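Student: Based on these hints, arrange chains B, C and D on the given structure of chain A.
In order, the protein sequences belong to chains A, B, C and D. Those letters in the first sequence? Residues 250 to 588, by this note's numbering. Those letters in the second sequence? Residues 250 to 588, by this note's numbering. Those letters in the third sequence? Residues 250 to 588, by this note's numbering. Those letters in the fourth sequence? Residues 250 to 588, by this note's numbering.
It is possible that part of the hints are untrue.
Heads up, the list lumps identical chains together, so a pair's fine if it works in one copy or across two of them.
As the list claims (entries may be wrong) - Derived SDA-like pairs (lysine to any residue); straight-line CA-CA distance at most 20 Å:
id, residue 1, residue 2
1, Lys310, Val253
2, Lys276, Val287
3, Lys395, Pro340
4, Lys345, Leu362
5, Lys345, Ala371
6, Lys453, Thr495
7, Lys326, Arg285
8, Lys345, Arg576
9, Lys326, Thr566
10, Lys329, His529
11, Lys345, Glu587
12, Lys369, Cys333
13, Lys255, Arg510
14, Lys310, Val287
15, Lys450, Glu420
16, Lys310, Val291
17, Lys276, Val253
18, Lys255, Gly292
19, Lys345, Arg579
20, Lys450, Gln391
21, Lys255, Val312
22, Lys331, Met574
23, Lys578, Gly542
Since the hints were derived computationally from the structure, they do not count as laboratory data. These numbers were taken from a predicted model, which means no experiment stands behind them.
Protein chains: 4
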Amino acid sequence: MIVVMKPGAAAEDIKHVVDLVHEFGLKDHVIYGTDRTVIACVGDKRTVEKDAIENAPMVEKVVPILAPYKMASLEVKREKTKICIGPERFPLGGVKIGVIAGPCAVESREQILTTARAIKAAGGVGLRGGAFKPRTSPYTYQGMGKAGLELLAEARAETGLAIVTEAVAVEQVEVCAEYADVIQIGARNMQHYPLLEAAGKAGKPVLLKRGMSATLEEFLLAAEYIINAGNPNVILCERGIRTFETYVRNTLPLAIIPALRERTHLPIVIDPSHGTGHAHMVPSMSLAAVATGADGVILECHPDPERATSDGAQSITPQTLNELMGRLKRVAEAVDREL
Amino acid sequence: MIVVMKPGAAAEDIKHVVDLVHEFGLKDHVIYGTDRTVIACVGDKRTVEKDAIENAPMVEKVVPILAPYKMASLEVKREKTKICIGPERFPLGGVKIGVIAGPCAVESREQILTTARAIKAAGGVGLRGGAFKPRTSPYTYQGMGKAGLELLAEARAETGLAIVTEAVAVEQVEVCAEYADVIQIGARNMQHYPLLEAAGKAGKPVLLKRGMSATLEEFLLAAEYIINAGNPNVILCERGIRTFETYVRNTLPLAIIPALRERTHLPIVIDPSHGTGHAHMVPSMSLAAVATGADGVILECHPDPERATSDGAQSITPQTLNELMGRLKRVAEAVDREL
Amino acid sequence: MIVVMKPGAAAEDIKHVVDLVHEFGLKDHVIYGTDRTVIACVGDKRTVEKDAIENAPMVEKVVPILAPYKMASLEVKREKTKICIGPERFPLGGVKIGVIAGPCAVESREQILTTARAIKAAGGVGLRGGAFKPRTSPYTYQGMGKAGLELLAEARAETGLAIVTEAVAVEQVEVCAEYADVIQIGARNMQHYPLLEAAGKAGKPVLLKRGMSATLEEFLLAAEYIINAGNPNVILCERGIRTFETYVRNTLPLAIIPALRERTHLPIVIDPSHGTGHAHMVPSMSLAAVATGADGVILECHPDPERATSDGAQSITPQTLNELMGRLKRVAEAVDREL
Amino acid sequence: MIVVMKPGAAAEDIKHVVDLVHEFGLKDHVIYGTDRTVIACVGDKRTVEKDAIENAPMVEKVVPILAPYKMASLEVKREKTKICIGPERFPLGGVKIGVIAGPCAVESREQILTTARAIKAAGGVGLRGGAFKPRTSPYTYQGMGKAGLELLAEARAETGLAIVTEAVAVEQVEVCAEYADVIQIGARNMQHYPLLEAAGKAGKPVLLKRGMSATLEEFLLAAEYIINAGNPNVILCERGIRTFETYVRNTLPLAIIPALRERTHLPIVIDPSHGTGHAHMVPSMSLAAVATGADGVILECHPDPERATSDGAQSITPQTLNELMGRLKRVAEAVDREL
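One chain only, chain A, in its complex shape (with noise of 0.2 Å):
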C-alpha cells in the first residue's frame, strides 16, 4: 500500500499517518520526492482497510499494491487447475475445450431430452439448464424447481453429459448439489455471499459467472469466497459486462481472458449468448473465445427458440450447435487444443 501525501503536507501530518501505519501492524517506507511525500506500507496485510488511511489530513490518495485474493491467484499454485465434470469426467482446463449447451430454463421433459441427444450428438460435454429462474420481473417464468433437476438428471442418465444448473438462494444448493455435477452461480448472484459461503461447501464443482459490472478483482475475490469456503474447484465464467453499448445486450470482454491467465490458474469458461444477447452473434463469438485460449464455452440453445420461455433471442438451435462444432473444433486445433 503507498500512501501519497498531498503538496505542503506537514511533518505533523506526515507523522499522524506513519502511526496509523504502526498501529495496523504495517512498516512504513517515507519517500521524500520533488512534489510529494509518498509513504510505502510494507506487511502482509492484505485486510486493513485503506480507507481508513484516506481520511486521515493531508492524504490525497491510498493506492493498494497486493491484489486482496490469494488462493485464487498464481502467487499460491502455478499449474492451472483441471476440474472434472460429469460421470465422464471430462477434464475442463486442459487441452480438451469443453463444450457446455442447452436452453435457459427446463421447460419440459421432451425438451430437454431432445437438446441434451442433440448436443451430445453434437460432441458438447455438458448439459445446462435452469431449474430455478432469477427473473428480472416478477411476472415471468420462474422455473419448474425440483421436477426440472430430475429432468436433467434423466438427461445425463441417458447422455453421460455433466449437468450444470443454477443455485439462486442459498436453500437451493443442497438439492443443486445433489442432482447437478456443476453448480452455476449467476451474474446477479456473484456479490451473494451467503450463496457464495454454501456454493463452497456443496461438494461440488462451481460455475462462477463474473457480475455484470463486476471488476476482475471482485471477481476473483468472489471466487476467493467459494475456495476459502473450502472448494477449490471454481469454474470461471464471463458473460459479458454492461456497457454504453446497445447494438448487443451485453459487452464481452474477451481480453480477460489473457489478464486473468496472467492471476488465477482457475479453468476459464465463456458465455457468449449472454455475452451478445443476440443468437446470429454466438457462433463468431464461441470460436473467438476459442482462439482467445479459453477451456470452453457455454452456450443457450433450444430446439425452438421462438417459444423458449426466456431468453429465446439467444438461443441458437441445435442444428447450428451441430454446424458451429466443426468450426470450433478447426479453430481449437489452430491454437494447438482439442475439441
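Tutor: Relative to chain A, chains B, C and D alone:
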C-alpha cells in the same frame, strides 16, 4: 411492442411474425413504410418475451413500449406514497426531508450510542448501521450479527431514531424485521429475488438500493417484486452507478430523481457516501440531492473514520454532520421543503 | 511513479528497471516488501512515458503519482481564477452565479433576438448559440456560419449579454474570437489538440466542455493545452458522460465539482441540457448544480423547442427559464452565493 | 419513427403530434393500445429531428426506426466493399487477412526502416506510423511532422508495404494523402466533422477509428460523412471502448464485427494494441479478431518498446510479430480465410 422487420422482408416473413403475435395473445397492426415494415402489437401482456420474436426470420429488432412494472408506476397510483418510519413515525415522502445517518457497521455499544446521540442532536430521523455485512473480501470484517441489532434497538430506545439495517440473506430478514424499522436491501442484492420476496413479506418498510449497474427499469422491477409480494412500503435509494470515472467510487446520477418522479409514486432517498466514496464530497452532494428533489439522504457517519472497520474513507464525522444539517435546512427551504 | 514488480522478480529484473529509471533521469528507491518489490521513482518528470517501463520483464504495473497537468492545478495557483466575460465584464468564478442560455443553433434574426431579450430580462449574463454546428449526421442542419455570428453580435449590442459560441474547426477560431466573448470548445473536440492550441492563442476566454468519456485527468490536460498555448482564461464545463443509462442522453456527474475544486483553480460551469437530454430535467439539475457549488450554468433555451433545428428535446422555453431563475436565486443564496 | 404518448394523453395531445408529423412531411398511423396510444410515422426523412416531437405535451418518448446512415449500409450496397491499398494493391475486405503493423510514432530513419523490413519479412501488408501525434498531454512527444512522412515513403519504396498514417488536423490531410496510402482518422477525431469531410475529398482510402465512446450508429454516421463527401473507400477500425474495466486500457468489443456485418459493406480492421493497452494481450486478441471475422488487424510494433516515445506498453517486438503471424495464419485458415 413494435416489431421492426429487416428491409426485404417477404410477405411470408411478416405473416410468420403476425402468427406469433396472435399466438402470444396480442393483436397486430402492420404498417408498411417507405423502407421498412413495422408490426405494432397491441395488448396488455407485459410478460410476453420479446426475445422470442426477435429470433424469427427477417426480424431486425423488437422495441418494447409498455414499462414492465405496474404497481410501482404512476399509472396505477398517482399520489406520492408517504412511508412513516420509526417510533416517531417520520413521514418519508412528504414535505419534510429525512436525514438518516450512521456507521457502515455496528462495531461496539459506545460507537453506536455516541453516533446515535449525535445524529439525534443534529436533527436526523434515522440511524443506519449494519449488523450483517456483505463484504467484497472474505478476509474483512463481517459484522456483529444479532448482537449488533440489539445495540441498534437500544440506540432507538434512547433516541427515538428509526433503525435502518441491511438483511444480507433471506434467513436474516425475520430477525432484522423484528429489531429494525426499515430493512435495507443492498445494491449487490437488488436482483436477489428470494431476498426481495422475503422483504416483501416482512411487514416493515424496505429501503431498496439501486444495483450499481441496474437500469432504471430493473430498479423499478425490483421494487415491483417487493410490492407484488405484499409490501407497498418501498423506499428507493440511489447510491451511485459504476462508470469509467475513477475520481469517485461510484458516479452519483442525480437526474434519476426527476426521472423516477415521472414514473413512480415511491419516495426517493440519496446515498452520497457510497455515491461518491469520499467524505469530502458528501456535504456538497447532499445539498445537491435535496436541491434536486430527494425526499431524504442516507449518510455514513462515524466518530473515528480513520479506525472504522469499513467505509472509513466515505464516512463523515458527527461534527461534519452537524454543520451539514444547517446547510441542508437552508437548501431545503429554498426548494420549499422542510428539515 | 511507483513500479510494482511481479512476485518472483529476480535481482537482475530489478536492476534492469532501476537502470531504465536512471536513464529517464529519475532517482530510485527500492522497497523490498513481504510479497513484492516496489521501486519508487523520484523526480519532476511528468512527461516520462510510464508505458516504457511497464514493458520491462517482470514488471506487474506502473502507478503514476504526480498529476500530469501543472498550470491548471492548485499546486501552481491556489486562489480561484475569476474570468470576466462580455461587455458587462461578468466575473465567472466569483461569488455570483452566471446563467448563460440560448438556442443550440442560431436559426434566424427573430429567433436569436427574442431569446436574447428573454434571457436578459430573466437575469442571465450570457447568450449561447451555435453558428457552426458539429452534427452527428451529415444530413442534418449545419448552421448559419458567419451570418449567425453577426446576429449574435447584434443581440449583444442590444442586451449586453456575453456571447458564447462554438468553434468547430481551427479556421473558425479567429472569426469566432472576433465576434464572440467566449469561444466554446465542444465535447467532441475536447481532444482535438490543434483546436485547443488555436483557442489558446485566440485572446478570448474559452469554455471547454468535457468529452463525453474523458477522464478528469484528460479534461484538465485539455485545459492545460489551452493554458500552455498562452490563454489562462479557461472555463471548465461538465456536460454529462456516456454510461449505460438510457433514461438520459448523458449522465451528469455533479461530484466532479468538488473533485475539480480539490485540483484546480479554474471556474466550473454545468450544462444540464446536454447533461440530461430532456427539458423536464433541466430545472432540477440546474438547482442541483448551484447547490453543489458550480460557478454557473449553461442552458439550451428556444422560443419554440418543437421546431428547433436541433436539440429541441432538451431546450427549455424562455418562460421556463424565467421561472427557473427565481428558484436558482433562492438556492444560490442558501449556499451563500448570489444570482 | 414511433411516438409513444403518455397514459392519459387526450385527443388534442394526439392531434398536436399528428399535426407536427404532417408538418415534418411524414404520414401518421395512430394506434390505440390498451394502455398507450402510439403514433407510427411513415416517410423517408432520416433527417427529421425526433427531439422536436419529444418536447410536445404528453409525449413519453420517440423511438427511431430507420438507421440514420444510408450509403454505409447494406440497404444501398449488399456486396462487401474491397479496398485495395498500397503499391501492391492488397485487397482489404477480400478473403485475405491484412496485417498492418508499425510503431505509434515515427522516431528515426533506423527505427522505421528496421521495423518495416521486419513487418515485410513476417508477411505484413501495411506499415503504420504517426508523423503527427495527437497527445493527451502538451508535454509529451508530438511527432516528426513531414520528415516522418518522408521516412514512411522511403520504407514503402524499399518494402512495398502500404503506408497508413494519421492526419490530426484538416491542414495535414493533403500532405498525408500525398505521402501515404491510407489516411487514418484517430478515435479522438471520429466526430471532428471538418476532418471527416477533408478526408472524404483526399482521394485516398481512409481508416476510420471508432471513438472510444461512440455508438455503433455514430461510428457508421462518421463513415457516412466521409462517403458523402465523395470517398467510398472507408475502412472501419475498432480500437476498444471506454468502460469501467481497469485491467485493460480499453475494452475490445469483438461482437461489433458480426454487428457491423449485419449493417454495412465496409471492411473491418481490429486494433488489439489500443484495444487492450498491454503487449502481452495483443497476440491472443489478434487471433480472436481473425476468428471473429475481421478483415485485418493493425498492431503497434516497435524494435525497442521500453524506449518508445509513446505507447511502449502496448507495442510488441518484431520477433513477437513474426511468431504471431504463423499462429494468425493457422486461425485464418480454420475460418476459411487466408494470410
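Student: When the structure is checked against the list of hints, which entries are broken? Sort them ascending.
Tutor: 3, 4, 6, 9, 22
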